[in-house]
Every structure is written in structure tokens, then in C-alpha cells.
Amino acid sequence: MTKKKAVIEVKDLTKKFGGFTAVDKISFSVFSGEIVGFLGPNGAGKTTTIQMLLDLVTPTSGMVRMFGKDMKKAREEILNRVNFSSAYVAMPYNLKVWENLATFGRLYGVGNLKQKIKELADFFEITDLLPKMTGSLSSGQATRVNLAKALINDPELLLLDEPTASLDPDVADKTRKLLLQIQKEKGVTVLYTSHNMVEVEEICNRVVFINKGKITDTGTPGELVKKYGHKDLNDVFLTIVRGGEN
Amino acid sequence: MDIFFWPVTELLVWGFLSRYLEGTGLGGVNVVTVLLGALIFWDLLSQSQRAVSVVFLEEVWERNLLNIFVTPLKISEFLVSTVLIGLARIMLVGVVITIMAFFLYQFNIFQLGFALIPFVVNLLLFGWAIGLFATAIILRFGSAAQVLAFGLTFLLQPFSAVFYPVSALPQMAQYIAYLLPSTHVFEGMRQVINTGVFSWQQLGWTIIANVVFISLILWFFYSMFANVKEQGRLMKLD
Ligand SMILES: Nc1ncnc2c1ncn2[C@@H]1O[C@H](COP(=O)(O)OP(=O)(O)OP(=O)(O)O)[C@@H](O)[C@H]1O
Ligand SMILES: [Mg+2]
Numbered sequence: 001m002t003k004k005k006a007v008i009e010v011k012d013l014t015k016k017f018g019g020f021t022a023v024d025k026i027s028f029s030v031f032s033g034e035i036v037g038f039l040g041p042n043g044a045g046k047t048t049t050i051q052m053l054l055d056l057v058t059p060t061s062g063m064v065r066m067f068g069k070d071m072k073k074a075r076e077e078i079l080n081r082v083n084f085s086s087a088y089v090a091m092p093y094n095l096k097v098w099e100n101l102a103t104f105g106r107l108y109g110v111g112n113l114k115q116k117i118k119e120l121a122d123f124f125e126i127t128d129l130l131p132k133m134t135g136s137l138s139s140g141q142a143t144r145v146n147l148a149k150a151l152i153n154d155p156e157l158l159l160l161d162e163p164t165a166s167l168d169p170d171v172a173d174k175t176r177k178l179l180l181q182i183q184k185e186k187g188v189t190v191l192y193t194s195h196n197m198v199e200v201e202e203i204c205n206r207v208v209f210i211n212k213g214k215i216t217d218t219g220t221p222g223e224l225v226k227k228y229g230h231k232d233l234n235d236v237f238l239t240i241v242r243g244g245e246n
Numbered sequence: 001m002d003i004f005f006w007p008v009t010e011l012l013v014w015g016f017l018s019r020y021l022e023g024t025g026l027g028g029v030n031v032v033t034v035l036l037g038a039l040i041f042w043d044l045l046s047q048s049q050r051a052v053s054v055v056f057l058e059e060v061w062e063r064n065l066l067n068i069f070v071t072p073l074k075i076s077e078f079l080v081s082t083v084l085i086g087l088a089r090i091m092l093v094g095v096v097i098t099i100m101a102f103f104l105y106q107f108n109i110f111q112l113g114f115a116l117i118p119f120v121v122n123l124l125l126f127g128w129a130i131g132l133f134a135t136a137i138i139l140r141f142g143s144a145a146q147v148l149a150f151g152l153t154f155l156l157q158p159f160s161a162v163f164y165p166v167s168a169l170p171q172m173a174q175y176i177a178y179l180l181p182s183t184h185v186f187e188g189m190r191q192v193i194n195t196g197v198f199s200w201q202q203l204g205w206t207i208i209a210n211v212v213f214i215s216l217i218l219w220f221f222y223s224m225f226a227n228v229k230e231q232g233r234l235m236k237l238d
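Chains as they are written, first to last, in the numbering used here: chain G, 1 to 246; chain V, 1 to 238.
Pulled out of the complex, with its shape left as it was, chain G reads as follows:
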């Protein structure tokens, strides 16, 4: 395999909230075209890390580089090439779905917005939702709209914080297929968190485990399953989290 370009480089990244260290000197890279699962138990530091990547939380120390650039110096340029989605972030409920998509499209300076929205709506099967009020959507529908928003600027890097939480198995499956498809067709790099190990095994090229703010292991799902001598990633997760006591 040829050596790929690092899209995200994190070195000794640390976040302290008062006396509590939420993220503790972590270092990892994500390479162009990879789908990387960022895994760990509740409170491990996943969301905090992703928010530091997006400049929503200021790191206490350490370095973040995206596309080889420093977030402090090239914030707008980096954010233009990135997008984010989380089941826990919403869009204005008193706007119609298409109005929301159009607004975010403009914030990202997307050309040919109409066409783009139509494509995404086809893709996520939300065409009939476009004229609806965003506030009236079911949580799974809202998640699909959020994902459409996350692709509005054709991002090179997607940061997803539990994107499939609250999706029904059918839509969750379609979302996974979709992530694989945009990876293949557009070479999009994805870093995402999920508590669904089956899903992670299905689509991730590589996983990074974090526990109590520290990175405990990294590798392909297959490598880790073999290394820990388990039958699947779920058991690997339990072993890593419980410190091998199960």
C-alpha cells in the first residue's frame, strides 16, 4: 500500500476541564480515503476530541493539523473542506427542510445549490420532506436531513458523532452503504464515533480505541479481533474497556 496523505494529524492533544483530564495526550492520524471508527465507552473523550478538531473546544495543549494546516491559522479554509453531523445537533425547526439545506449551502458557498439539494434529497430519500417544517420530522428523518446537510459542501472530511443513533435498521444500513459509497466514489475521509460494533466492523478500515482520555489501541477491526483472540469487535470493546477482566 502506498503511503497516503494524512488528513488529520493529532499530536499530544490534551483537554482539561478544571482539574479533570478528559483527553490525555492523544496522538493519531487519519489518512486520505479512510473510514476510521473512534470508539470508547461513555465519557471516554470522543466528543471532546471531535469538537477540538472542529475548533469548538479549545485544546489545553497539543497539536491538531488538518489537510496539513494549522486550525488556528487556516480555520475558514479547513472548515470549508470539512463537515460535521451528530444526532445531538439540530437545525432550525421553524424553517422548511429545503430552506435549511439552502441556508447551509450558502454558508459554505456552494455553487449550483438547487441541483445539489436535489441530488442529496434523492440520495437520502428525503425529497418528499423538503417542503416540510424541520421541526415536524421524526428523529430518523431529521438524522437523514442532518446527513444531507453534512454533504452539502462536498466535504473531503466528514466528522460524525454517533450519526446512526436513532436510525431504524433500514436507514442505518442505508447510511452505512452511503458512507462506503461516498468513500469509494468521492474519496471522502470519515472519522466517526459509534457504539454499534457490528456497524463499525462493517464499514471501518481502521478503529482507534479511547478510554478515560487515553488511546488504548488502534488497528483494523480484523487485526484487533485476532490480537485479542475474540470472535468479534464487540468482545474486543469489552476487553479493552474492562481492562481484560471479562
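Please note: incorrect hints may appear among the correct ones.
The calculated lysine-lysine pairs, modelled on PhoX-like cross-linking and capped at a C-alpha distance of 25 Å, are [as the list claims (entries may be wrong)]:
1) G:LYS214 with V:LYS236
2) V:LYS74 with G:LYS73
3) V:LYS236 with G:LYS25
4) G:LYS25 with G:LYS214
What the simulated footprint calls covered on chain G by chain V, stretch by stretch (three residues with Cβ under 8 Å from a Cβ of chain V suffice, anywhere in the stretch; the number is not a length) [to be verified]:
5) 45 to 51
6) 70 to 84
7) 87 to 93
8) 99 to 109
Just so you know, the hints here were simulated from the structure itself, not pulled from any lab data. From the three backbone atoms N, C-alpha and C, an ideal C-beta is built for every residue, glycine too.
Starting from the known structure of chain G, fit chain V with the ligands onto it as the hints suggest.
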């Protein structure tokens, strides 16, 4: 707290007003002009303030802040957009109020003369700055602080000499009054109405006070924003 907010401030305002009216013997034809002019001007200020704070509060309520702050939009651009939205709302309210005042009280705001425009512009800017101040507080404390978004200007009203001259205020309050750009706007406005002379001096004080206020509040906003990112509270605002 907020249930006392309106009654108390209203009481203060109208109390000082009656003292002023007693002193003047209630004679002049200018009373209506002064009061309605003041009322409309004050409304512009509080609309300007509210527009900014409410735009921001809506983003908090809608849990949309993260979506906005992960776009390439700069904070400064976000702030400029709140000014523009504020202006649009003020146009609407201003038009309605002006028309109502004309038909209900035969009060024509344009009789005050276009010389008042620089005062109005400063008033809007000051309203925007107070709105930004409320926004910074909401950013820091969440929508629990939202009463500020709706009523902050009312705290300033008694000190701004809106309906009565500064001289009607107690000595201590006068010191505060002179620090506020709004006070100089209303003093200047009364002077135009009463004497027909445009007060460059009041306009000068208005601008100086405004520059100082806006700089301080911008600094406050940016440091609150940095603080909130530091504390990881941006994602937890509610
Ligand atoms: N703003 C904050 N102030 C103080 N502590 C925080 C803050 N944000 C997160 N924490 C703490 O930091 C730790 C990591 O939180 P984080 O949200 O990153 O976990 P996570 O890995 O995303 O968990 P989950 O799987 O539950 O989403 C937790 O112990 C949390 O309580
Ligand atoms: Mg999380």
C-alpha cells in the same frame, strides 16, 4: 426576579417623568412631541437590542449553534449578520410605530427634522451593543439568562433620561446617566425640539460614549466566546 422587573422600572420612569412635568407646569405644546418622540426613539433602541439577542437565542433554542460554528463563517460575519437582521426588524417596527403615532396623535416624527438622523444611528448602534452584551451573557450562562435578551434596555431606561432631562435624576444617577450614549441622544433630541438648535456637543458625547461602549462590549463578547470554547460549553448550551 423578572416579575418585578417591568413594574419597578416603569415606576421609576414614570415617577421621574411626573416630577419633571410638575416642575414645568405642564404648559408647552412640545410635551406631546417630546414624549412621543422619546417613546419612538426608545423603541428603536430596544428593538435593536432585542433583535440581536433574540437571533442568537433562537440558535441556542434550536440547538443549531454547532452547525453554524462548524461552517467557515467567521464570528465577525455572524455579528454583522445580526446587525443586518436587527436593521430589517427595526425598519418594520419603525414604520408601524410612525404611522400609528401619526394617526393616533397627529404626531409626525419627520417634523423633528432630519438633523436627528445621526442621533438615531447612534441609538441603533448602542442598542446593538447592548444586545451583544446580552448575547455574551447568554453564551456564558445559557438561556437561563434570557430575561436579559428581552429586558436589558429597561434597566438602562431610567438612567437614559428618555422622558425627562438628566437634571430630574438624583445626583448619583446623573453620573451614570452621563456615561450612556443614549442619555446624550435624548438630551440632544429635546434640545432640537425645544430650541430648534442642533447640538453638536451632545452628538460628540454620544459618539465618544458609543465608541467606548462598543469597544468594551466587543472585547467582552470575544473573551466570553473564548471562555466558552475553553470550558467546552458551546456544545452544552441550552
Ligand atoms: N464542558 C465540559 N466540562 C466539564 N467536563 C466535561 C465537559 N465536556 C465533557 N466533559 C467530561 O469529559 C469526559 C469526556 O466527555 P465526552 O463527551 O468527550 O465523552 P464521549 O466519549 O463522547 O462519551 P459518549 O459516548 O457518552 O458520547 C466526560 O467525563 C465528561 O463528563
Ligand atoms: Mg459523545
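Hint-by-hint comparison with the structure:
| no. | hint | result |
| --- | --- | --- |
| 1 | G:LYS214 with V:LYS236 | holds, 23 Å |
| 2 | V:LYS74 with G:LYS73 | holds, 13 Å |
| 3 | V:LYS236 with G:LYS25 | holds, 23 Å |
| 4 | G:LYS25 with G:LYS214 | holds, 7 Å |
| 5 | 45 to 51 | holds (count 3) |
| 6 | 70 to 84 | holds (count 8) |
| 7 | 87 to 93 | holds (count 6) |
| 8 | 99 to 109 | holds (count 4) |
Going down the numbered hints, you'll see the structure goes against none, and every one checks out.
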